[in-house]
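Got chain A sorted already, so can you dock chain R onto it with the hints?
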Amino acid sequence: MIADTTSSGPTGPREQQIVDRWLFRDRDSVEQRFGLEMDRILELRKSKEGQRELIQRMKKADPSLNGNVNDVLRQVDRNLDQLNKKESFLGKVVKLPLRAVQAVGRTIKKHPVLSAVAGIAAIIALLYFTPALAPTAGEYGKKLIDAFKSVLGKLNVPTPETAVDAVAQVPVTGGSVSEAVAEAATEAANSPSAMESAGRLLKEAARESGLEGAASQLSPAAEEALRSGTAGAGAAAKELMMPEVVDPLQRALRALPPLD
Amino acid sequence: MQDLLLTAGERKIFDALSDSLKEGWTVRSEKIETFESPEELYMRYKIAHFTDLVCVTLAKRAEGISSMAEFEKIASTFDVSSLPHEQLAELFFVLGTRVISAMIQCLLSRATTDEDLEGIAVLTNIRRMLKEANVLP
Numbered sequence: 001m002i003a004d005t006t007s008s009g010p011t012g013p014r015e016q017q018i019v020d021r022w023l024f025r026d027r028d029s030v031e032q033r034f035g036l037e038m039d040r041i042l043e044l045r046k047s048k049e050g051q052r053e054l055i056q057r058m059k060k061a062d063p064s065l066n067g068n069v070n071d072v073l074r075q076v077d078r079n080l081d082q083l084n085k086k087e088s089f090l091g092k093v094v095k096l097p098l099r100a101v102q103a104v105g106r107t108i109k110k111h112p113v114l115s116a117v118a119g120i121a122a123i124i125a126l127l128y129f130t131p132a133l134a135p136t137a138g139e140y141g142k143k144l145i146d147a148f149k150s151v152l153g154k155l156n157v158p159t160p161e162t163a164v165d166a167v168a169q170v171p172v173t174g175g176s177v178s179e180a181v182a183e184a185a186t187e188a189a190n191s192p193s194a195m196e197s198a199g200r201l202l203k204e205a206a207r208e209s210g211l212e213g214a215a216s217q218l219s220p221a222a223e224e225a226l227r228s229g230t231a232g233a234g235a236a237a238k239e240l241m242m243p244e245v246v247d248p249l250q251r252a253l254r255a256l257p258p259l260d
Numbered sequence: 261m262q263d264l265l266l267t268a269g270e271r272k273i274f275d276a277l278s279d280s281l282k283e284g285w286t287v288r289s290e291k292i293e294t295f296e297s298p299e300e301l302y303m304r305y306k307i308a309h310f311t312d313l314v315c316v317t318l319a320k321r322a323e324g325i326s327s328m329a330e331f332e333k334i335a336s337t338f339d340v341s342s343l344p345h346e347q348l349a350e351l352f353f354v355l356g357t358r359v360i361s362a363m364i365q366c367l368l369s370r371a372t373t374d375e376d377l378e379g380i381a382v383l384t385n386i387r388r389m390l391k392e393a394n395v396l397p
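Chain order of the listed sequences is A and R. Mapping of the first sequence onto my numbering: position 208 corresponds to residue 208, and the numbering continues sequentially without gaps. Mapping of the second sequence onto my numbering: position 81 corresponds to residue 341, and the numbering continues sequentially without gaps.
By construction, these hints were calculated from the structure, which means they are not laboratory data. Hints should not be assumed to be uniformly reliable.
What the hints assert, rightly or not - Now the in silico label distances, taken between C-beta atoms and shown as ranges:
no., chain 1, residue 1, chain 2, residue 2, range
1, R, Thr311, A, Ser47, 51 to 61 Å
2, A, Lys95, R, Val395, 28 to 38 Å
3, A, Asn70, R, Leu277, 47 to 57 Å
4, R, Ala329, A, Pro63, 42 to 52 Å
Idealized CB from N, CA, C, for every residue including glycine.
Bound-form chain A, shown alone (with noise of 0.2 Å):
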């Protein structure tokens, strides 16, 4: 696997459009690209002599990489790893009887809530990456990841919208939060124990960098979700740490906490 040293990626649209296209839907397209069975290629990945053979291939296969090579590669890699997965996955499932898979289907279909988070994402899977729909910029991605955000609140998975979105609209115009405030959110996310000093740090360290405005401007849930350590405190301290996550999308992810 390849190691996911940055966590900058593309910095503009051009440079999205150049990773982009090195996104693969099935084997058969990553295959054509590299020249290579697609299992000599998961093989190759797993070294640093195969990566440079693969890096070469790319820069072959696309000369105007240059500069994105990496940003690329991790990207390749992430998504054979899903590919290979998907393939797994999907092998299973179509061996299922006919009569199994349409028991679940009938049961889904009894319940509205069900159908709208399969419905809504399988919308943001059509349409949601689609150039019109530019994720970072479009409001009509925003409305399409509230609903979601919405259907799945309402599902009682316990995404904790309103604590992240009160620390999603902080405005990040100061210092980045300390790497000790870091750790300590991020050790906070998964032991409910440790939040309430998570939290107290994280407004200390917003106050610390310029951000008063900023941690002044939690709301009342946000604050009571730092407070009580919640899994929505996790997901908030997670966020107040990584200002550069825009994507709605990626943020609606990236709180949905483990279940159970």
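Just chain R now, kept in the frame of chain A:
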């Protein structure tokens, strides 16, 4: 498929169902120890391949929408029961184990018939398949 693969929390919901409804069903223990990361789910949305007419028609209807409520209204008409196997699998892959688990909890708490439990049993098996795929190297 008479086996329900339930987590401890789901088991409690099942146990609260009426004896007559529970009769004939076998519960096996499920443990979901890892979930997909947000980055993995994000990638799944990016590479999803919904080609079925039901999905495409839904997206067409959603194109001109301008409010959250409308999204919910249109999406709630989505007929999952008409999807072919691959498209249903595509959908569950995108949703991931957390949302599937939430669906299972929701369905269990509202189950009133054997048919409901049959659907839930299949869904718990699908979750198991996804769990197995998730740990592939």
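Hints not upheld, ascending by number: Per hint list: 1, 2 violated.
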